[in-house]
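Participant: Throw the hints in and build the complete structure from the sequences for me.
Once you know that position 130 of the sequence shown is 130 in the working numbering, the rest is easy, because the numbers rise by one and skip nothing.
Hints were generated in silico from the structure; no laboratory data involved.
Do not rely on the hints blindly, as some may be mistaken.
[Claimed, not checked] Below, simulated EDC-like cross-link-like pairs (lysine to aspartate or glutamate); rule was C-alpha separation at most 16 Å, straight line:
no. : residue 1 : residue 2
1   : 198       : 261
2   : 105       : 224
3   : 252       : 224
4   : 198       : 264
5   : 207       : 265
6   : 207       : 264
7   : 207       : 261
8   : 198       : 258
9   : 105       : 227
10  : 198       : 146
11  : 207       : 258
12  : 105       : 239
13  : 105       : 132
Values in this document were obtained by computation on a predicted structure and should not be read as measured data.
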Amino acid sequence: MKDGQDEDSDEIWGGQRHASEMKTPTRRKARTKAEREASAASYEWSAWASSCGVISVAITATYFRILREVDVNGGVFPVAELVAQLALIAGAAVGMEFYARYAHKHLWHGSWWTMSNKYRQEWNRPIWLLHESHHLPREGAFEANDVFALMNGVPAFALCAFGFFTPGVFGGLCFGAGLGITLFGIAYMYVHDGLVHKRFPTGPLGKLPVMRRIAAGHTIHHTEAFEGVPWGLFLGIQELAAVPGGLEELEKVVIAAERKEKRDELELARRASVGLVTEGAHIPSMKEAPQCKLPEDP
Numbered sequence: 001m002k003d004g005q006d007e008d009s010d011e012i013w014g015g016q017r018h019a020s021e022m023k024t025p026t027r028r029k030a031r032t033k034a035e036r037e038a039s040a041a042s043y044e045w046s047a048w049a050s051s052c053g054v055i056s057v058a059i060t061a062t063y064f065r066i067l068r069e070v071d072v073n074g075g076v077f078p079v080a081e082l083v084a085q086l087a088l089i090a091g092a093a094v095g096m097e098f099y100a101r102y103a104h105k106h107l108w109h110g111s112w113w114t115m116s117n118k119y120r121q122e123w124n125r126p127i128w129l130l131h132e133s134h135h136l137p138r139e140g141a142f143e144a145n146d147v148f149a150l151m152n153g154v155p156a157f158a159l160c161a162f163g164f165f166t167p168g169v170f171g172g173l174c175f176g177a178g179l180g181i182t183l184f185g186i187a188y189m190y191v192h193d194g195l196v197h198k199r200f201p202t203g204p205l206g207k208l209p210v211m212r213r214i215a216a217g218h219t220i221h222h223t224e225a226f227e228g229v230p231w232g233l234f235l236g237i238q239e240l241a242a243v244p245g246g247l248e249e250l251e252k253v254v255i256a257a258e259r260k261e262k263r264d265e266l267e268l269a270r271r272a273s274v275g276l277v278t279e280g281a282h283i284p285s286m287k288e289a290p291q292c293k294l295p296e297d298p
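Facilitator: Written out as structure tokens, the structure is:
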């Protein structure tokens, strides 16, 4: 191979000339089951507390805003404004899926770390370093990638606040857009963090076939079987349909997940039937006695 070709290869793939730019990843300590359960409990509490708080505030604000508009209009209910507001709620929620798809691909992944050396820019390097935490084993209840949820909450809060204090149709549209972004964020947290990454239990809703397929689609993103596709979450199935072999891979992942769940259920039932699942002994120093204990696997 010629010297020119060697230089081009180094420029594209980051060879020895750029070895100083590539840091050796830090080896992470494997967490115990107790540590994982504690992290899950902490995140679950935070997720449900924030969701209930946001939904309560949204319902209260919507009620008082409509009450104020009725009073301003002389007792006439603002039907047109309410319809426009509902339309913006749905539109903003759907629009956030396409924004998330674009940002995930071009900002979070298509950034300094993942691009060819000649295209790397310092401005977008921190974006990947934040999102990289989501593609590494989690060490605690939270990860650096969670900051993106807080960032999306800023425009949602601003739109809701402006729309609440601004009377008329325009204020209603802004208020609706803010609510749409908020509802999308709550749904995204439930499906992405709970159903896909098991950061908290999702209950029976997670067993719905459509939810299983959405979760399987995001699992394929993490395997990088199709160079990162799907980049979105709720419409990830449509992205996979546009890729040769995408839907076939989706079905394989769904079947594999169902088989694993059945194996886990059968194993738990087997242990219970032979008395391997027993009531945990109470430890006086603990606030609550453990519900059960499982023996260590040989």
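Participant: Each hint: holds or not?
Facilitator: Going down the list of hints, with the structure as the test:
A distance of roughly 13 Å separates the Cα atoms of residue 198 and residue 261; the hinted pair therefore holds under the 16 Å criterion. With a CA separation close to 12 Å, the supplied pair residue 105 and residue 224 stays within the 16 Å bound. Straight-line distance between C-alpha atoms of residue 252 and residue 224 comes to about 15 Å, which keeps the hinted pair within the 16 Å bound. At most 16 Å may separate the alpha-carbon atoms for a hinted pair to count; residue 198 and residue 264 meet this at roughly 15 Å.
With a C-alpha separation of about 14 Å, the suggested pairing of residue 207 with residue 265 holds against the 16 Å cut-off. Between the alpha carbons of residue 207 and residue 264 the distance comes to roughly 15 Å, so the proposed pair stays at or under 16 Å and holds. The straight-line distance between the Cα atoms of residue 207 and residue 261 is roughly 11 Å, inside the 16 Å bound, and the hint therefore holds. Using a Cα cut-off of 16 Å, the hinted pair residue 198 and residue 258 holds, with the two alpha carbons roughly 15 Å apart.
A hinted pair counts as satisfied when its Cα atoms are at most 16 Å apart, and residue 105 with residue 227 qualifies at roughly 10 Å. For the given pair, residue 198 sits about 15 Å from residue 146 by alpha-carbon distance, which is consistent with the 16 Å threshold. With a C-alpha separation of about 10 Å, the suggested pairing of residue 207 with residue 258 holds against the 16 Å cut-off. This hinted pair checks out: residue 105 and residue 239 have alpha carbons roughly 13 Å apart, not beyond 16 Å.
Pair hint residue 105 plus residue 132 holds up; C-alpha atoms about 13 Å apart against a cutoff of 16 Å.
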